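Q: Which chain is which? The protein sequence lines are A and B, in order. The first sequence maps to residues 792 to 1258 in our numbering. The second sequence maps to residues 792 to 1258 in our numbering.
Note that these hints are calculated values from the structure, not bench results. In this text the structure is predicted, and so the values were computed from the model without any measurement. One or more of the hints may lead you astray.
[Unchecked claim] One-sided and incomplete, this derived list gives chain A residues near chain B with beta-carbon spacing under 10 Å:
1. E1001
2. K1011
3. F1043
4. L1126
5. V1184
Where is the CB? At the ideal position from N, CA and C, for every residue including glycine.
Here is how the chains run, residue by residue.
There are 2 protein chains.
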Amino acid sequence: MSLTFAAFVNGLTLVLVAAATARGAAVQGADPLPSWNATAPKKAILELVARATQADGADYVPPEDRLAVFDNDGTLWSEQPLYTQVHFTLDRVKALAPAHPEWKDDPAFRAAIDGDAAALAALPAGAVVKLAAAAQAGVTTEEFDAIVLEWLAKAKSPKYGRPYTELVYQPMLELLTYLRENGFKTYIVTGGGLEFVRPWARQVYGVPPEQVIGTVFGVKYELRDGKPVLVRQPDLVFVDDKEGKPAAIHAFTGKRPVAAFGNSDGDLEMLQWTAARSGPKLSLLVHHTDAAREAAYDRASKVGKLDKALDEATRSGWTVVDMKNDWKYVFPFELPKPRSVPISERWGGTILLTDLASLPEDARECPAGCLRDAAELEAVWKRVKPGEPVPAVDFKKDLVVFARNQVVYSPIYIAAVKWMDRGAEVVTSTSRNAAPLADKASIMLAVVPRADIDFVACRGRRHPVVK
Amino acid sequence: MSLTFAAFVNGLTLVLVAAATARGAAVQGADPLPSWNATAPKKAILELVARATQADGADYVPPEDRLAVFDNDGTLWSEQPLYTQVHFTLDRVKALAPAHPEWKDDPAFRAAIDGDAAALAALPAGAVVKLAAAAQAGVTTEEFDAIVLEWLAKAKSPKYGRPYTELVYQPMLELLTYLRENGFKTYIVTGGGLEFVRPWARQVYGVPPEQVIGTVFGVKYELRDGKPVLVRQPDLVFVDDKEGKPAAIHAFTGKRPVAAFGNSDGDLEMLQWTAARSGPKLSLLVHHTDAAREAAYDRASKVGKLDKALDEATRSGWTVVDMKNDWKYVFPFELPKPRSVPISERWGGTILLTDLASLPEDARECPAGCLRDAAELEAVWKRVKPGEPVPAVDFKKDLVVFARNQVVYSPIYIAAVKWMDRGAEVVTSTSRNAAPLADKASIMLAVVPRADIDFVACRGRRHPVVK
């Protein structure tokens, strides 16, 4: 159990690192939503945040009222061809079947155990709920958390051959982070099981358990071996779908959202309720239009049917994401990976703070940047290596990058130069022996090929390699 | 409506200011729980927080797991002789009665309308719920918020003749603040109506709406004049009492609390569930033992019955507050009010930062303090008013207090000296024209009678007036 859990967490970490690298200001510049194309939805999001956070503006929303709600299936992660929780339910019913011989006499259970897709597709909604109930009843809440995590660590989507937690939408991960960085509280409001989503929502979405709202099955307070536990029951207490969504948001938060994100008719009322807020607001639908990268479906789909909500979006001028055209990347695994650029030479030294003016003007305030020609190199070299001859660099072919201390003094080393998407980033390591920056900074210069590099990125600023 | 709301908010602000002054470090020293006597419960609270927050300790609890849950009636505010929400229900049923002639034929409604205490006391629980349901159904959630606030702004407790929001427990206000200052999320988990408590919990307790859990009545999503609203229904969806409390905490937060505070058998399961947590934890019962200041009741009481939970507290070694002996003050209105001390003379000037060493040693780091004898006055006077004769101060009768800039330079003025509980505090005003502190600070000295003053308080430090 602990091994698979560790593997699961590691898997998640990798996803998050990829996401962070992709959306990080360092490589992509200051764009907080790099996986969104510069089309209407991105503009609508940026405008909402600008209005809501402008302290002296007419549309200012105090931080405690900045609530953003997200549907999960089809909005934050993929739901086609089948909801992830249905896969979980089928696997769990199969695993539990040997202990339940009576299930063989029930058509729903028989279809699940046999993996009979046609029979499953024909089941009425009540039968599906009965299966979901059976998949989670009888265990304590803590045990169920572990069961969900263990399943997610092993299970792979038949369509993509990947863990389900990799099938999250990169643009939505960026959006969650962007909203939180602007003081929004991000909630998940899912028709799926509250306790199916909670165990991993923090690691995958950055959403803590108390900000996950979902469909609720009953629990029973019991003493087991003298210890109080909550045991999960098969009775459905609350269905968090359609008109249940605004009711649940109200019950959990007592607030009306500023922004709501959904993708199906199950989200209609939540989007309507948000749209009726006074002040700035955003109701956004993700329209699955991308058969090549994910799936294209709407009015005729059984899973994630989008019909009435699409009509209302058109009528009311809501924002509709056309996944194919508005999203640069769909899944984190599509992101370009950063590669290391070879470093041919390195020179370390120190520079007086009063000599920082010898750096190119655009890079004086930055701890890293580039020297684009022989004149720029010479100006710096004279301060860093006074008396030593300026090395010959072929600036047609190569480029000099530098990195220096900015806050504390500590010998600096350029460990690597990473390249992605035409931008380079200087990766440094410094010793732990740091002292406050007094009169001088440690600095290192490194020579790299300039092919493919348009700019050196540093703290959200781009230093172009051509003046 | 807006007038009464403003009056309500103002009333609340006064309560909070009083609370802040009473618990503020300035006058009371660094004690975060000044209204708690130095008995076992206070020690248990301080010890829990110390253990949970010690980063390298074995019992460290990460901030995201620091959950503290508080019952409301009888734990945060007074519930005797009758729950506040019952007063609200009776008032509201009376107000609505003219529109409901059919109520006259129902014994429960008739008792409520007639204010028949004996008949009301004899009602079965179901009838009380029926009244509560009638008092809140049919209006939108926004309208109900306004109705609750309007009622609270006008209503007064028949026993105390004060607004109900003044009948909160001062030691518990301090405890809420203290826990939050140590990274705990404080939740209210009340058997009362979720929406009866939410509208005012932030102002009175500092608890935002999303951290109030309570008994839930249904809502219905409707379009009224084309606008979506949630309309309150008479059906009871969830009773947040007894075994419902752990279930609700789980549903709302997905976490097990580190600390739980209750006062009656309705809190037993919540306290048990918390006590069974691994790691540091605190289950605390408030035992109402103070007939003189509030009320004395437990096993025989109909309201706030404390019987089984008291037995379990004894058996399991939980912390039990003996209100009479463990609480220095019960209500905020009992707190001593600070009074102004007359100032007989003031001298303003500047002092070089290099001359701050002329101040008494204990006050050199502080922006305020006192000069206790002629020698201490002379040492400072020579720096502030070089060449001017040292004024004659009768240090048997009087004391010199001072205040100075510490961060920015700005002419300083001692506006008042406040006294409470044997401590004095220097109240200053400064001009808005501030510049970074460079070579000198603005300083003012003031002469006050030393009678009743044991120390001058500043930033949690006490400067004694006798060396």
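Q: Hint by hint, note whether the structure agrees.
A: So, going through the hints one by one against the coordinates:
Of the supplied interface hints, the one on E1001 (chain A) holds, with its beta-carbon coming within about 4 Å of a beta-carbon of chain B, less than 10 Å. Taking 10 Å as the C-beta cut-off, the interface hint given for K1011 (chain A) holds, the closest approach to chain B being about 8 Å. With 10 Å as the threshold, the beta carbon of F1043 (chain A) comes within range of chain B, its nearest partner Cβ sitting at about 6 Å, so the hint holds. Annotation: L1126 (chain A) was flagged as interfacial toward chain B, and the flag is violated, the nearest CB pair being 28 Å apart, outside 10 Å.
Taking 10 Å as the C-beta contact cut-off toward chain B, the hint placing V1184 (chain A) at the interface is violated, the least distance being around 44 Å.
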